[in-house]
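Peer 1: Sequence:
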Amino acid sequence: MNKPILQPTVLMRPVVIWIAMLLLATTLMGNWYLSQASDPYIREVLSLPSHLNQGKAIFQTNCSVCHGLDGQGDIGPNLKNVSQRKSRIQLIQQVIGGKTPPMPQFQPNTQDMADLLVYLETL
63 MNKPILQPTV LMRPVVIWIA MLLLATTLMG NWYLSQASDP YIREVLSLPS
113 HLNQGKAIFQ TNCSVCHGLD GQGDIGPNLK NVSQRKSRIQ LIQQVIGGKT
163 PPMPQFQPNT QDMADLLVYL ETL
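In this text, residue positions in the sequence shown follow the working numbering: the first is 63, and each later residue adds one.
Derived from the structure by calculation, the hints contain no laboratory data. Don't take each hint at face value.
Claimed, not checked - Keeping only pairs whose Cα atoms sit at most 20 Å apart, straight-line, the calculated DMTMM-like set for lysine to aspartate or glutamate is:
hint	residue 1	residue 2
1	K161	D136
2	K118	D101
3	K142	D132
4	K118	E183
5	K118	D136
6	K148	D132
7	K142	E183
8	K142	D101
9	K148	D101
10	K142	E106
11	K161	D101
As the list claims (entries may be wrong) - Pair by pair, the computed Cβ-Cβ distance ranges are:
hint	residue 1	residue 2	range
12	K148	A119	30 to 36 Å
13	S100	G138	26 to 32 Å
14	Q134	K161	33 to 39 Å
15	P164	P111	30 to 36 Å
16	D136	S100	32 to 38 Å
17	Q122	N143	24 to 30 Å
18	D132	D101	28 to 34 Å
19	P102	G135	17 to 23 Å
20	S100	K161	26 to 32 Å
Just so you know, even glycine gets a beta-carbon here, dropped at the ideal spot from N, CA and C.
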């Protein structure tokens, strides 16, 4: 009777380790997301009803100089499909943080940010 060369438990160890790492990463990301969403400004922005036309007007007044009238990029990066690359929280943080020069820090009131956010998601 032939014995298997490798025991099944030996083969399962990498899978178990991978699953444990995935669970840990998911938990950490979930906690990070919740901590970001607990910011009062962000929480209020996400809770407000938004107005697409107002968001477009805010974008054209404040953002289009660098990002182009339709978000296609000019001086600033192309924002087409930006909501597929960044979460709603990341978009809000990008706008209010100005962490990527030469983008200025921009602190719209929460309603304007909610309106701008809905417009950004249409690009």
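Peer 1: Check each numbered hint against the structure and report the violated ones by number, ascending.
Peer 2: Going through the list in order, the structure violates hints 2, 8, 10, 12, 14, 17, 19 and 20 and respects the others.
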